[in-house]
Amino acid sequence: MYIPFLMSTIIIESMRFFLVKLFFVTALCLVLSFLPLYAADFGYQGTHILAHGALEDMAKAFHAKYGMPVIVKGGGCDDGIAAVTKDRYEMGGLCCPLSQEAAWKRGMIAHKVAVDIKAVMVNPKNPVKDLTLKQVSEIHKGAITNWKQLGGLNKPIALVFREHCRDKDEPVRNVLGIKGAIAGKAIIVKTDMEVVEYVVRFPNAIGVTSRIFAEEAKVKMITVDGISPTPENTEKGLYKLKGGLYIITRGQPSDRTKKFIDFILGDEGQAIIGKRFARVTPVKKTGLPNL
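In terms of our numbering, the sequence shown opens at residue 52 and continues consecutively.
In case anyone wonders, no lab produced these hints; they're calculated from the structure. Here the structure is a predicted model, which means the values were calculated and not measured. Please note that a few of the clues may not be correct.
[As the list claims (entries may be wrong)] Taking lysine-lysine pairs in the DSSO-like style, the calculated list, with each CA pair at most 30 Å apart, reads:
1) Lys291 / Lys241
2) Lys116 / Lys309
3) Lys156 / Lys185
4) Lys111 / Lys124
5) Lys241 / Lys271
6) Lys309 / Lys124
7) Lys124 / Lys236
8) Lys206 / Lys176
9) Lys219 / Lys116
10) Lys271 / Lys124
11) Lys236 / Lys206
12) Lys192 / Lys176
13) Lys176 / Lys199
14) Lys124 / Lys185
15) Lys124 / Lys269
16) Lys156 / Lys236
17) Lys326 / Lys116
18) Lys199 / Lys163
19) Lys309 / Lys326
20) Lys176 / Lys269
21) Lys236 / Lys176
22) Lys192 / Lys236
23) Lys176 / Lys271
24) Lys180 / Lys326
25) Lys185 / Lys309
26) Lys124 / Lys176
27) Lys219 / Lys271
28) Lys309 / Lys111
29) Lys269 / Lys156
Kindly generate the complete structure, drawing on both the sequences and the hints.
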C-alpha cells in the first residue's frame, strides 16, 4: 500500500512542477512577443568627431528625457560602416559620405545631423594669422612651400595631413580641390590627434583638422579669407572649409533609433550640436548623403 501511494505522490508533484514551469515559459513568451526584436544594440559607433563633439552629451540628454540609454563609441568611418553591416549597433557614423552606389549597395540610409568645421591651425609662434582658401589649397598641392610667400618668416612649410577615406568624398580634399597626391614633403598621419600633436611641436607646421580638436589644443586657429571657423559663420555660409556629419542606418531606422535621430534633429538636439558644430535642419531621407 505504501509503495503505490509514494509513486502516486511523486507523479502528482512531477505534474505540478511541469505545469508551473509550463506556465512561466508561456508567460515569458507572451511578454517577449510584445517587445520589439532588435538584431543590434541600441547605440552608435563611428567617426570620433561626432561621438566626442556631440553624441556623448546627446546620449545623456536623451536618456534623461526618455529613460533610454544609448551606447556611444568613437572610431572612424570604416568602423561606422562595420558596426551597422555586422549588426553590432543600429547606428554608424561618417565624416566622409558614401557615394550613391556604395550607399545603395549596402542598403544604407544617411541622416545628416551636423556640419563639421575644419580649422586651419598653425603653431602659436607662427606670426601668420590669415590665409585665403586658395593659399591653403596651394600649400596642400605643393605650390607654396615657404612661409615667406605668405608674409611670414623665411622658413619651409611643414604640412601635416591626415590621409583617410580615399574611397569616399573626404571633405578637406573636396573643398581644397585636391584630386591627386598631397605635397611631396608633407607629413602624412592617420589621426586628427597626430595632426594636432605635430602642429603643437613644430613652429613651422600647418594642418587642417576638426575644430573640436583644435580648440582643445595649444595651437592657433587662423582665419580663412578673413573668416573665423565658428558655428555661426559656417551656418551663414561664410566659412567654407566644412563637411557633413552623418548617422547611417541599415535601411529605415527602428522605432527607438528614429526617436533618437529625431531628438538630434529637434530643437534640443540641435542646441547641443550648435555648441561645437554648425546646425542642420531636418531633411527627407533618401538613402543618399544629404549634402
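Legend entry - Enumerated hints in conflict with the structure, sorted upward: 3, 7, 9, 14, 16, 18, 25, 26 and 29
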